[in-house]
Every structure is written in structure tokens, then in C-alpha cells.
Amino acid sequence: MSTPAGLPVRGNPSGLTSLNTKSRPAERAILGAFRIAAFLTVLITAAILIALAVPSISFFAQIPVVDFLFGTRWAPRFADASFGVLPLVTATAWTTAIALAVAVPFGLGAAIYLSEYAHPRARRVLKPILEVLAGIPTVVYGYFALIFVQTVVFREWLQLPTESFSVLAAGVVMGVMIIPTIASISEDAMSAVPVAMRQGSAALGANKMQTTIRVVFPAALSGIIAAVVLGVSRAIGETMIVAIAAGQQARIVGSPLEQGQTMTGFIANAALGDSRVGSLEYDTLYAVGLLLFAITLLMNWISIALVRRFREAY
Amino acid sequence: MTSLSQSNSLRGRVRGGDNSPLSMAFLFLLWFSVFFAFVFLLTLIVTTWIDGAARLDLRMFTEFPSSAPEDAGARPAILGSLMVISVTALFTLPLGIAAGIHLEEFANRRNWFNRAIELNVQNLAAVPSIVYGLLTLGALTAMGVRDKNIVIAGAMALSLLILPVVIIVTRESLRAVPLEIREGSLALGATPLQTLFRQTLPSAVPGIATGSILALSRALGEAAPLLILGALVFVSFDPNGLFSGYTTLPIQIFNWTGRPQEEFHVLAAATSIVLLGLLLAMNSIAITIRNRFQQRW
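These protein sequence lines are chains A and B, in that order.
Anchor point for the first sequence: position 11 equals 11 in my numbering, and the numbering is continuous, going up by one each time.
Anchor point for the second sequence: position 259 equals 259 in my numbering, and the numbering is continuous, going up by one each time.
Isolated chain A (complex conformation) (with noise of 0.2 Å):
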């Protein structure tokens, strides 16, 4: 890093002052350059809440709340336009629901591997092949879905019956994606845990699995919590999957092997057509964005508070 230019920097005769920033303009001038950058982040999420408040509220002076919340037609694009938008919930809390019935397990068993099993060296070449699950585009992932897993495996293998697409399909790849998040930071979590905890359960004869189970796993619980409800919170969010490999009718869903549209998707596909700026389907793309926003903000604030509590635990 070069210095910047204008700095006194060398043969600097009041050398001892210099902690003094006040006697430098250069300095000063850097030093606010640097906290007008960390305060953009908060003009960013203010950004984030006017944005999606603005024509939400446009939104809710034409389509009362309750509506909006609790009714079971979503159809913002028909000529009778209803817009209920728990055909969009039920079908994110399936993708999510499998999501997690694929990641919660498998990712707490390699949390559990790599933190308690694994030698140091299998550790250090197991971990990054598992990131690099978090590391392929979705929309790869989608295609995968879409292609292969219900194409291929769910049709042709097994013989479901299933359509095109399937919420089964587009939860199960997702709940792949999210296996290193949940394993990554359930990992942590047991890592903190000390080692004389370990070692009294040995020293009262506990074997391995035992102690991993009983003393490891409840010790940990408040991070495992907090990696899971962060999984929950990606699946809800999560688009490119969902857009290509749940399906494009929004209806509730009944079963797994049904398509659906979620949230992320209705988004989506909504902005792959032309809503006019203003137009009350332009301000429905909102509203459901701000609908997705609060609940994973939600989902967040619990994580970060369980979170803190293991850290500060130990």
C-alpha cells in the first residue's frame, strides 16, 4: 500500500505529536472518507426499507392486509385478480421444509465428523471440497434440478408421479446447497466447546459417541440453532433454483410432488414480463419482496442473538 499522497511522512520533526490526527488534514480527510464508506451500509439498508415500503404502501391502499395475508388465490395478472398470497407461502415453506429435512441431518453429521471424528488432516482436505457446495452458482444448481434430479431420477428412474417440475425437486437440491452453511457453522460451534468438558465425560466413562451426543451436541445447541435458522432464512430466499425447478403456477401446495410457486419465483418470473412502473403489479413485486424481507431479517436477528450467546458462553 502506497502512502497517500500529501503525508508528511519522513524527517517529520514533531515526530512524538504525530499521534495527534488533528494537526494533519490529509489524515483527517482519509479517516472521514473511511467512516462516510461504514456509514453507507446503513443508508443502504434505509435505501432497502424505502424502497420496498414505498409501493408497498401503494400496494396495501388497494389490497387490504388481512387480503393480502390470508387469502388463498393468487392471481395479481387474471382479469378478476385476486391477490391472497398463501399459495406463495405454502409453497416456500415446502422447498424450505425439504430443504431442511435434507440439510439439518446431513450437515450435522459432517459438522459432527469434521469437529469431533476426523483427523486434522482429513479435516483440512474434507472442508473446502464441502465449501465448494456453497460455492456453485444457483442457477447451475436449477439447472440440475430441473434436468436431471426430476427429469431424469424422480421420471424416469423412479417413476413418481410428477410433472414437469416438483417443489420436491427444486427442496432437495436446495437443501444440498445449504449443507455447508449449517455444517460450517454447527462446526464452529462444537470447536468452542472445551476440551475439559470432553475429557471429564471420558474420565466418567463415557465413550466417544456418548460424549459427542450428551456433552459435545447440548453444549453447542445455541449455534447449531443459530446455523439452522440461518439455513432457513437462505432457503427462503433462495431464487434461481425455485424459478427454474418448482414451477410457475402459484396454488397451495398439497404435496411434494406437486409444482408450486414460491415468493422468490412469483419476483422472478413477475419481472421476466413487463410490469409498468406504478402499475399495481409492479407494486405486488413489492409487496412480496417486502413480505420475504421481514421474515428473513427475522431469521437473522435470532441467528446473530444465538450466535453471541455461544460465543460469550465459554
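Read the hints as simulated data drawn from the structure, not as lab findings.
Since we're looking at a predicted model, the values are computed, not measured.
The C-beta atom is built at its ideal place from N, Cα and C for all residues, glycine as well.
Just to be clear, a hint being listed does not mean it is correct.
Said to hold, decoys possible - Just so you have them, the derived chain B footprint on chain A, three or more residues with Cβ under 8 Å:
# : stretch
1 : 97-110
2 : 131-145
3 : 203-211
4 : 223-237
5 : 284-292
6 : 295-307
Claimed, not checked - Label-pair restraints from in silico Cβ distances:
#  : chain 1 : residue 1 : chain 2 : residue 2 : range
7  : B       : Ile181    : A       : Leu49     : 33 to 43 Å
8  : A       : Leu221    : B       : Arg110    : 28 to 38 Å
9  : A       : Ala75     : B       : Leu82     : 50 to 60 Å
10 : A       : Ala26     : B       : Leu188    : 14 to 24 Å
Since chain A is already given, all that's left is putting chain B on it; use the hints.
Leaving out everything else, chain B in the frame of chain A:
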């Protein structure tokens, strides 16, 4: 360090009297979890390769998208991706690194406002990418921009998306530099900023570079915010500036996956291989930087 070696022996494999069937079954389940993830990853890579390899030829890099699959290529998508990512890096890196420096080195952590900023950055990192698309769409609408499918708009959305990541990475890298380095520098008469630019920051650069490249590779694979900005259009020209129309590799993959004809799925798979190759290259650079230059204190 004794506790570490003890932990290793305690955390070792199942040994000695711990070979009960239940313990072995438990260990097997754990193995299976890791195994499942790897098999899935392998299947994804192999099937994508099998689907796309036939079409992974020069046409992929020289031709424009076309309604005739045999003539189609991803040239504008490749150029568009590179362009959008470069602009994203120009936007995000200075801002993110500056904000990270402020929060880690200069902000008073007991001040409630600074703690609010910290919490806010953590929250922003977990906001769904599609929300950043909505934000950018709203902001451009408010500014009166009509055609939102332009390079600078896409780069803006992706910058917002990865800014929190760059901030967090910068902070972690700076935190890894021991306090003694700063104290030594200050004791020798350097100003706080001289200390930063000559001691702390140079030591943290490898970590920041690695993390930033990983953040940019996330942006490279991201499609949702660009979709919101109307990037799914037929582009038969090279992007040629900040205000040019564009398409990117993920958008092109999404487009081709959505078509009913088999031939386009082949193209989508071939484009996925190109994208994965690009990401692999970026990740290799990141890991090389980390292994080569990272200091252990």
C-alpha cells in the same frame, strides 16, 4: 498447546473399547453425511459435463445466441459477465475495504452507533439477493432511468450484494494482524494512518484479496438480481460500455434451461461448464494468494 494435542487424541477415531455396534453405526452415519455431499457434488459435475461436453467447442466462445441451437454461442454472455464483474469490483472493493478499515481500526466499539453499524452489516450479508435486485430497480426507477438492463445497473445490484461480505472479510483480515505490530509502529512515531498503510493493511492484503475474490465469484454466479433488472433479453451484440445492454453467463444458462428443446439444454450445460471453469480459476487464484502470501503470526 498441550490442550490442543490432548484434544487431538481425544477427538481421534473410535478406538479401544469404543467399538460397540451403536458407536460404529453412529460413525457410519457421520461418514455417510460427508459421503452424500461428495457424491452429490460429483454427480452434479459429471452429469453437467456429460450433457454439455458435446457442445463445448469454439462456437461457445465466438458465436452469439441464436434461435438455431447449432449456431448459438455464449460470446456476449462471457464478455458481459467479465465486464459486469470488473465494474462490480471497482464499485465494491474501495467502499468495502474502507468501511471495514473504519469499523475495525478506528471506530469506537463502545459507541452504540458503531455497534448498530456492525449489526447492520451482519444483517445485510444475509438479505436475499433478489431483494437487492428490487432495491436497484426501485432506485433506478426513482432516478428516472428507463432502460434498466445496462452494465452499470447490474454492477450496482451485485455490488450491494457483496459489499457486506467484503466488509466482513476486511475486518477479519485486519483482526488477524497482531496488536503488537500496531503498537510498535505507533511507538516509533508513525501516525495511525501511517501505521495502517505501512504495517497493518499490507499484512492484511492477502486475506482481503482472497475473501474479495471469493465474494466476486459469488457475484459472478448470481442471476436473481439481474433478472429483476430485466437482463433476460435477446442480446446479439458485445457489451461496449457502462450503459450498454448485456447478458451474463448465469442469465444465459437460465434462458436456455427454460426452453423446451433438448438442444438448448445441451447449450445450458455447456455454458454451465464455462461458468464453473471461470469460478474454478478465480478460486484457484484466491487459494494461491492465501497459501503464498498469508502470514502466520
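What are the numbers of the hints that this structure violates, sorted from low to high? 9
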